[in-house]
Amino acid sequence: MGWMDHLVAAPVLVPMMAGAAMILAGDRWRGAVVALGLLSTVLLVATAGWLLMLADAPQVQIYRLGDWPVTFGIVLVHDRVSALMLALVAVLGLSAFVFSLARWDRAGAHFHPLFQFQLMGLNGAFLTGDLFNLFVFFEVMLAASYGLALHGSGTARVRAGMHYIVVNLVASLLFLIGVSVVYGISGTLNLADLAARMRDVAAADRALLEAGLAVMGVAFLVKAAIWPLGFWLPATYAAATGPAAAILSILSKVGAYAVLRVWMLLFGGEGGDSAGFGGPVILAGGLLTIAFGSIAVLATQNLSRLAGASVLISSGTLLAAIGAGQVAVTGGALFYLASSVLALAALFLLIELVERGRDPGADVLAVTREIFGTGDEEDGADAPEAAGVAIPAIVAVLGLGFMACTLLLAGLPPLSGFLAKFAMLAPLLGPADASIAVSRWVLVTAFILSGLATLVAMVRVGIDAFWASPPATVPRVSLLELAPVGLLIGLSVALTVAAAPVMDYMQAAAASLHAPGAYLDGVLGGVRGARP
Amino acid sequence: MELVVSLAIGVLTGSGVWLLLRSRTFQVIIGLSLLSYAVNLFIFSTGGLRTGAAAILEKGQEGSLAQFADPLPQALVLTAIVIGFATTALLLVVLLAARGLTGTDHVDGRERDR
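Chains A and B, in that order, are what the protein sequence lines are.
Letter 81 of the first sequence, counting from 1, is numbered 80 in numbering that gives the first Met the number 0, and no numbers are missing.
Letter 8 of the second sequence, counting from 1, is numbered 7 in numbering that gives the first Met the number 0, and no numbers are missing.
Hints are computed from structural coordinates only; laboratory data are not their basis.
For clarity, every value in this text was computed on a predicted model and none was experimentally measured.
Among the clues, some could well be false.
Unchecked claim - Partial chain A-side listing against chain B, Cβ under 8 angstroms, derived:
(1) Val135
(2) Arg158
(3) Ile164
Note that beta-carbon positions come from the ideal geometry of N, C-alpha and C, so glycine has one too.
Construct the complete structure from the given sequences, taking the supplied hints into account.
Set out below in structure tokens:
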């Protein structure tokens, strides 16, 4: 085993060691801490890029921790979907890290170590091939996210953070109940081994096993903020600081990833009598989440809450697409995941910059002004205002970024959001002569209407924030803060330009998710054939 | 034995859920603790419950699951206890911070209008 084979473990080890070293360095040597953080995030990007290239192959790579045999030890599994998620985490990590350097990392203690542990938990959750290990990485990720969500303190953050922590603690307990039921029935926690055993579960035990997995599924769906389990999300995300919210935007995708991975593996083709279990629930839950998110987007008057509600829509869209259970739709959903995570992170960072120049109550004031009208308009009409309102250059730049985010999130051409929506819609509509099931019509309608709602809401808020009432004070924005936003939006543009190879990759990933044979063979190897 | 353990789990879960749904932060945290005890007992019981058995093996016995309780759930419980303890401690701090910042111990940070 050469050192290159150990690279699969690097996305977990690098941030762990960096985080530990940062705690030792403390707040006294900020330069060292920042340098370590930069080293770690850049290394993560390099590793993730390398792993992404390695992953585009039919076989699955595994890494046995401590070299224990597969069914006894814990394995890290590295395939196309994991590599995709790792790459997203790495890019978000680098962007949020650089963004935080300008001011936010000094708003409270231990920002950098928490940030590294957050990355470690995320990477671990995406790599692990073991259910209990997934729980442990979930907890690492959540514990760090509690800290990050509360970073900067303040009444709003603590109030929202408390709800967030309590909801997620209960979800963790449900996860534990599910895991122990699964272990009690099947005698294994290795995902691939479990999938291989699904067919042979005794008929009497099957209902209990399905119940256990369903309880675990609820825990995943709480993370994915499915309706009605996601009311904590908009408040928490809106209250979090910019860089924390940007990294949190992939946290809700961990739930969707876990559903995708576990559900496809256990209830896909190899599931025996359980195949397709719970699919309608995921589909219906996703649709309801889209509906709730769309209403929330339209109802909100506040930029941050708007972004939080967009996370709901994005989660719902993903879940509904997964629930549809078609290979091509799943491929489109993966593309959507990449595009929407980048766009949401960019939006959270942008909002932080825009809000800086505005009065806290400006959003609400603007809406009341629209409804009731004030004396200003008559005065304004008399004044010769041929030149219009002068918009400061920095606000124009931010406005352009906001426009790009709007296009991405609403799914309008020319950016990748449109391609993603199209990739999900085209296979749903299918060939022209085939009849289309009602559920697919509902899904198509939901995708399109949610895009419309996002567009209406973001255009309304955007006009108000950038054009109608230019900020009272021009926000002071440093290059350190603009660069990450530019990077994220630039990557979305790159996704659009290189859509063909990216889409091929996503479709291959979706195909391997729907036909988990390669995953099982890759993880279990010789063990699978040898079992009596 | 099974009856006692399942009753204990049931009572703990019931009280935990009841407290969790109350409006004071302290009740919520006690409810969470009770729930996590119930879950720990539940995980422990999936390894099999036996009375009067040897800790690991009697002298001369062959090792098989019929002779001893499955040790893996016990390892899981240990992990779950540690994680539960840490997160509860964190929640306590947040609870105190919320009490200080909002001036009330209501979970929403403000009293309901009567």
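Consistency of the hints with the structure:
1. Val135: 7 angstroms, holds
2. Arg158: With a minimum Cβ separation of about 4 angstroms from chain B (threshold 8 angstroms), the hint on Arg158 of chain A holds.
3. Ile164: This interface hint holds because 5 angstroms falls under the 8 angstroms limit.
No hint from the list above goes unmet by this structure.
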